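Colleague: The lines below spell out each chain.
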Amino acid sequence: MENQFFIDSEHLSPEALEKKHRLENEPSFRKNHMEYMPGMEIIESDVCTSVMSQMNSYDYSAYTAEDVKAALEHTTCTIEDFKALLSPAAEPFLEQMAERARLETSKHFGNTVYLFTPLYIANYCENYCVYCGFNCYNHIKRMKLSMEQIEKEMKVIADSGMEEILILTGESRGQSNVEYIGEACKLARKYFRMVGLEIYPVNTDEYKYLHECGADYVTVFQETYDTDKYEKLHLLGHKRVWPYRFDAQERALRGGMRGVAFSALLGLSDFRKDALASALHVYYLQRKYPHAEMSLSCPRLRPIINNDKINPLDVHEKQLCQVLCAYRIFLPYVGITVSSRESAEFRNGIVKIAATKVSAGVSTGIGDHESKYSGKETDGVQGDEQFEIDDNRSLDKMYQDIADEGLQPVLNDYLYV
Amino acid sequence: MNNDKLIIGGHEFNSRFILGSGKYSMKLIEAAVKDAGAEIITLAVRRANTKEQESILDYIPDGITLLPNTSGARNAEEAVRIARLARELGCGDFVKIEIMRDSKYLLPDNQETIKATEILANEGFVVMPYMYPDLNVARDLVNAGAASVMPLASPIGSNKGLATKEFIQILIDEIDLPIIVDAGIGRPSQACEAMEIGAAAIMANTALATAGDLPMMASAFKNAIEAGRKAYLAGLGRVLTRGASASDPLTGFLRD
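Line order of the protein sequences matches chains A and B.
Each step along the first sequence adds one to the number in my numbering, with nothing skipped, and position 404 is 428.
Each step along the second sequence adds one to the number in my numbering, with nothing skipped, and position 179 is 185.
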């Protein structure tokens with residue numbers, strides 16, 4: 025199925041095209057994805073072993089309706105219970121799972137829904153991840169905002185009332201180095217109460233520096249915990265190194281970050297196993313760093329520019345809802361973020377059950393907030409973006425919609441100390 | 007009963023219900039003040055750290071004492087910084103210390119709480135520390151200058167009631183400061199029970215916030231707290247442990 029991802033741009037030189045094809049067709053031409061590259065910090069940790077042994081032994085076809093019923097009756101959801109809730113046997117119990125999930129969400133978060141917006145400051149990328157619109161072989165308009173441009177974007181977003189921002193870059197150390205990102209964090213502290221980062225994984229001392237610049241939350245998506253599949257999808261670049269990515273959250277916490285976020289991109293591999301591994305990644309790290317704030321996201325594959333042939337691997341809305349309910353029941357205290365890749369209808373429904381955070385006023389392009397925010401609700405995609413979003417509600421609209429659902433929109437509940 | 011005041015740091019209060027901050031809404035504040043008679047309302051400084059803060063602060067009626075808390079602090083140093091920020095924001099001198107380094111159960115860190123209490127009491131704050139009910143820690147808090155001691159009844163937000171009742175009773179018996187039961191009170195009967203054993207006040211939030219009819223639940227808490235307080239002041243009758251007491255004394259045969 026990998027071939028459906030491969031797109032040859034007519035803009036590539038013959039040499040580049042040849043290298044791309046060799047990466048795609050000759051496994052031996054690719055670097056060992058389990059081997060660290062020079063400069064990548066190696067930490068001692070048993071978290072990965074715990075997560076992977078659970079995932080590898082997970083046979084979801086072994087669980088029955090009885091296991092699911094028992095899991096729903098238990099006060100504390102064990103790992104075994106969670107495995108039952110993620111299994112196909114739980115699909116007929118989706119409504120009961122949603123009821124239990126809603127109860128747990130209200131116990132821990134009341135009726136609050138947090139709002140944030142992402143800001144892409146650069147889309148240069150040194151990796152060839154075959155499913156991603158930013159990949160280095162894809163012909164898109166590349167951009168890196170200057171500090172003046174970043175500040176202008178931030179002003180536009182802050183003027184809309186937003187108080188939490190998530191700064192994103194493509195994964196290019198060369199184009200968007202740590203100092204560049206740090207300066208962006210310092211600017212963000214002027215305009216926002218809370219600053220999160222979703223950038224390439226870095227070393228502990230670099231996370232410490234970024235924390236001192238004002239960031240306190242780090243999001244790293246593992247994409248898939250299936251290392252063999254990972255190898256076939258991430259063909260080139262530092263992102264190819266799977267274990268360095270796995271330990272990113274732990275390095276971030278050691279660097280002083282308050283919270284970390286996790287996810288697999290559901291649909292890349294077996295989503296049940298990836299969902300299990302994502303939640304256990306949170307579970308084992310929480311036991312090791314009990315002060316840390318943890319959150320989970322749940323992206324599915326969405327169409328990307330120049331490639332409309334990708335089909336998510338059976339992660340329909342029902343399966344996504346099942347995964348989110350299972351996350352909530354197993355990890356009642358973690359935040360759950362649902363991005364604008366999902367539809368307004370899905371997000372309106374899921375915030376009543378399990379999600380605690382949604383984005384609003386979203387653009388995944390670079391430097392286009394002013395044009396997007398100046399008009400009314402936008403009705404189409406502008407410029408070159410990482411992926412197309414589905415729910416393009418502005419902050420005001422989202423705020424009102426949440427309040428109309430009887431929930432309480434929250435713009436900030438955080439202090440940088 | 008009219009002279010029965012709750013006194014914290016030299017300030018007098020008629021109400022023994024304090025609204026917690028966990029799940030905030032305007033409707034909740036309104037019900038707490040109007041229907042539960044709250045005179046003290048907790049405010050999470052981190053939650054007030056928003057452009058929306060005017061609306062929350064503006065809504066709090068005159069005569070209500072704001073009790074800013076330090077939620078989000080993971081150690082004494084962070085709690086002290088948040089408390090100072092609260093004072094700068096004009097939230098007054100009261101502060102409830104909450105220090106958690108556990109994001110799962112949100113249990114308070116007693117050791118760090120003692121440290122923060124001492125620093126803030128020395129700076130003139132009226133310090134109300136949230137703590138896990140431990141007698142030695144409570145004594146340390148007294149020595150550190152606390153104005154009250156706030157033991158948890160059960161994990162915050164759990165509505166599980168007086169899981170730590172025996173230990174709260176010990177604090178009530180041994181500590182000369184108001185013991186305010188905080189966290190875990192899920193229903194009026196549990197609030198009443200805590201008041202019967204001598205708690206000075208009850209702090210609750212989730213129990214009201216998640217009720218079907220908010221004003222009615224607020225009013226139920228008010229009645230329960232007053233009933234428990236009256237029972238405590240009246241002196242509870244004895245509880246018979248084995249059936250009934252014999253009407254013919256067992257020792258009636260003794261002649262001299």
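Some hints here could point you the wrong way.
What the hints assert, rightly or not - Not everything, but these chain A residues come out facing chain B in the computed CB check (under 8 Å):
| # | residue |
| --- | --- |
| 1 | M76 |
| 2 | E317 |
| 3 | L439 |
Everything labelled a hint here was simulated from the structure, so no lab data went into it.
Predicted model only: the values in this text are computed from it and were never measured.
C-beta atoms are modelled at their ideal positions from N, C-alpha and C, and glycine is treated no differently.
Colleague: Each hint should be assessed against the structure and marked as holding or not.
Modeller: Hint-by-hint comparison with the structure:
1. M76: At 23 Å from the nearest chain B Cβ, A:M76 fails the 8 Å test, so the hint is violated.
2. E317: 5 Å, holds
3. L439: Hint on A:L439: holds, closest Cβ of chain B at ~4 Å, below 8 Å.
Going down the numbered hints, you'll see the structure goes against just number 1.
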